[in-house]
Amino acid sequence: MSELVAGLPILSIVTFLPAAGALLILLSRMSARGENVGYDNGVKLLTLLVTIATFVASLFAFAAFDPSNPAYQLQESIPWAFGASYAMGVDTLAMSLVMLTTFLTPLCILASWVIEKQVSSYMVLFLILETLMIGVFCAQDIILFYIFFEGGLIPMFILIGVWGGERRVYAAFKFFLYTLLGSLLMLVAIIFMIATAGTSNIPALTEYAQTTGFEQNVQIWLWLAFFASFAVKMPMWPVHTWLPDAHVEAPTAASVVLAAILLKMGGYGFLRFSLPMFPDASEYFRYFVFALSVIAIVWASLVAFRQLDMKKLIAYSSVAHMGFVTMGIFSGNEQGIQGAIFQMLSHGIISGALFLCVGVVYDRMHTREIAFYGGLVNRMPVYAAIFMLFTMGNVGLPGTSGFPGEILTMVGTFKVNAWVAAGAALGVIFSAAYALTLYRKVAFGVIENPKLDKITDLDAREWVTFIPLIVATLIMGLAPAYVLDFTQASTATIVQQFTGVAP
Amino acid sequence: MNPVIDLNNSLPLARPELLLVAFALIGAVLGAWFKDRAFGALSLLGVICIAGAGLLALAWSPGAAVEIFQGAMVVDGVGVFAKVLIGLAAAATLALGADYFTTTKEQRFEFPVLVALATLGMFVMVSAQDLISLYVGVELQSLAAYVLAAWRRDDARSSEAGLKYFVLSAISSGLLLFGSSFVYGFTGSIRFDAIAAAVGEGAGGIGLLFGLVLMLCALGFKMSAAPFHMWTPDVYEGAPTPITAFFAAAPKVAAVALMARLLYEPFAEMTPQWQQVVAALAAISMVWGSVAALVQTNLKRLMAYSSIGNMGFALMGLAAGGEQGASSALIYLALYLPATVGMFALILAMRRDGQPAETVADLAGLAQKRPWMASLFTMLLFSVAGIPPFAGFIGKLAVFTAAVAGHLYWLAILGGVAAVVAAAYYLRLIASMWFAAPAAQLQAPSGTIMVTALASAALTFPVLVLLLGALQGWAENAVRMSF
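Going down the list, the sequences are from chains L and D.
As numbered in this note's numbering, residues 44 to 546 make up the first sequence, in order.
As numbered in this note's numbering, residues 1010 to 1492 make up the second sequence, in order.
Source of the hints: derived by calculation from the structure; they are not laboratory data.
Since this is a predicted model, take the numbers as computed values, not measurements.
Warning: the hint list may mix true and false statements.
So the derived list for chain L, only partly shown, Cβ under 7 Å to chain D, looks like this [stated by the list, open to error]:
1) Ile190
2) Gly194
3) Ile197
4) Ile201
5) Gly204
6) Glu209
7) Leu220
8) Leu223
9) Leu224
10) Val231
11) Ala238
12) Ile338
13) Val341
14) Leu345
Beta carbons are placed, not taken as given, at the ideal position from N, Cα and C, and that holds for glycine.
Use the sequences and the hints to build the structure in full.
Now the structure itself:
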């Protein structure tokens, strides 16, 4: 298959295919005589087709990609202004996240079928969001990276604000301003790095950092500026407070994208910039990050336990799971980083699926209150089974994709400091407590709320949405080697760049 | 030392300015003859002449800097760059105004003539090469602007705006003259190159610095940089909206370009001294422009604070010093202008039941009623907020880069924080358009307005993003040729 894409700018195609779809919808809106149901359905179908086409295109890129090669591949470069260039390229880390994005977006569109208000605007924004998300992982120029990274705020802001829940305006503002503040500090640091190293190309910057290196006290400031951005994005305790608000208020599909992909940009940033470019500062701040991670794991799990809102509970569980990721990343060894990448991919699928599970009952009952539900297994056996699988994945049950990531990050951390790993292990227990409690309250027992008497099980569309997620969770859980072997090359490079010795 | 050309041979090089003079004089005579019936034709001719003057300045730009009128003015890269921006912005706002005043039946022929005179003043400002032509340019621009501000003479708010602008601006002109006299006194010349030479030899000392600071204060007033911004919200609010649009666009370019020339030509040797002053102006403007805008509900007052904040960012570029500093300020302005003109075009377009939209709440539900207008407005707002992928981000990137290169780290970080605060109020507008339930139906916008808004949005994104390399090259060459 690799011959098929030879000579094609395949990464640009994958990145900008959704944007082209958005343009198509805009053009069709100009000629359409007012928006009606038929037109809206056409737009939904078109969007679905575009996102599937994007997934197929990314499969071609995947096929042309050599996972054993740790270098950047499928590179493209066009010079631009300010010494920056439009440079694209992926290594195995970026490629796996691109695949995650293109895999989840069609499912999000399926989950958005229930949208009735301003459908064409919604779909246009979603497609633009996909372009920007893929671009973040493909960008090989730090300015280009920043443009994609920051640009993603715009569609998300409007998606939350227009199609969100009751406190959507508050949530949208909080999301935007929180992330923007972190990012602008990073921008100043980026400009400083470009001025110092004389290049904005990410591989060249890494090369500079590895050979000449930024001075130690400079590294510390740069690390902090990048940390400000990625920690908010991740989100790490104590700058996570935007996340529960944004998650709860966002429409289902936007919650999925937020949890599954946007949060991963933080982890991606740490792996791509913080560790390889500021190894001394990363070492210096290691225990600081460990402390924040363990607090996030334990504290967010406890908070999750007390939530009355299903989405808020899952949002806090995301904060806890991202704690494992940051902990694994800053353990700086092979197990830790492999585990962190695995956990990011797995969390993308599981938390996305859990938000979809909430979406299923929300679409029927229009409430996310846990106390409203109970005994769903009686009326919705299939739903209950699927919800069970993803709950177990969230807990980290062996056999689901949640397990390898957690265990690997803890093994990696154990090698650095046993106490940190022990603290994180507490979180695993807590996660079982809140996730199983949620499941018991929602699914088990008898139906006491008369409003649930008529609730129906999954329809065909929802089936189609869940099947790929189920398959992915089980494959990643039963045969994690596929993923781990794939990300191995990048991990080895990052470990070597961080520690200075080949693993 | 640039080649100096005597009076007779200077005229061909001053053709853009002469075109404006010719239009203003002929327009005044025709207007006196035909009265206000001439409004439509004169406005059209005015748009052509003003835009033409800007473009001809580019087409006829000499390969190297040339001083004309025995060294009173200069034709060089920065001047040409600024003239193109000024010409296009003034022409666009004139077109918007002509359209608007036709709707409101206020077709008075003085409007295009005054805009042309103000534009002429700005052309003189940006090519001033001595203190006299500097002052003449500033005054010509200001005098025309006073009259424009008080355009609705039987409207209390408009008259108040005109009077306030006049009185405060007169004080700043006084400061400018006072500062100039110090500069002249301590260097013995009014010519920029002679001043530069005197400064280089160590003339002046504290007296010269005193004069320079006074001049900077006066120019800060003209560009509405905080803390000399007090007039701006009131004048913006009181003046008719198309005239506000005019104030928000072209004169800012002229004032920044003039300040750049003053700082980088005669006082280049005093960079460490003026850097502190300009950095302080930039910092105060960025912070106050963002913070004070948070509580505004009136659209035009909000735009006033927005322009104060934006001038702060442009000044951050100037404060950085060096070639990069000047060119980043020019790039910033080039990207700020289309967004401003476009936003005002859309504000003008929003009329409900014959009444103009005045408050943020009047925008409610625009996305549902007029998705195209709302999308354009949103793009322009994100652009001035400096969010990528819109062009305004590149402007911010340019000035931040200059500030970091000039080791003004504190200013860059402060700018970052100010940009977040500013984003909050731009987002308020967007939230009103997208998130709020629609209010009354809007009237359909006119063709001129939609064309202007579309063109501005296109300049903001994506055309300019793609052509950015060219813009950057142009700005850098302009600066290299001039300073």
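Do the hints match the structure? See the list:
no.: 1; hint: Ile190; verdict: holds, 4 Å
no.: 2; hint: Gly194; verdict: holds, 5 Å
no.: 3; hint: Ile197; verdict: holds, 6 Å
no.: 4; hint: Ile201; verdict: holds, 6 Å
no.: 5; hint: Gly204; verdict: holds, 4 Å
no.: 6; hint: Glu209; verdict: violated, 12 Å
no.: 7; hint: Leu220; verdict: holds, 6 Å
no.: 8; hint: Leu223; verdict: holds, 5 Å
no.: 9; hint: Leu224; verdict: holds, 5 Å
no.: 10; hint: Val231; verdict: holds, 5 Å
no.: 11; hint: Ala238; verdict: holds, 5 Å
no.: 12; hint: Ile338; verdict: violated, 26 Å
no.: 13; hint: Val341; verdict: violated, 31 Å
no.: 14; hint: Leu345; verdict: violated, 31 Å
Violated hints for the displayed structure, listed by number in ascending order: 6, 12, 13, 14.
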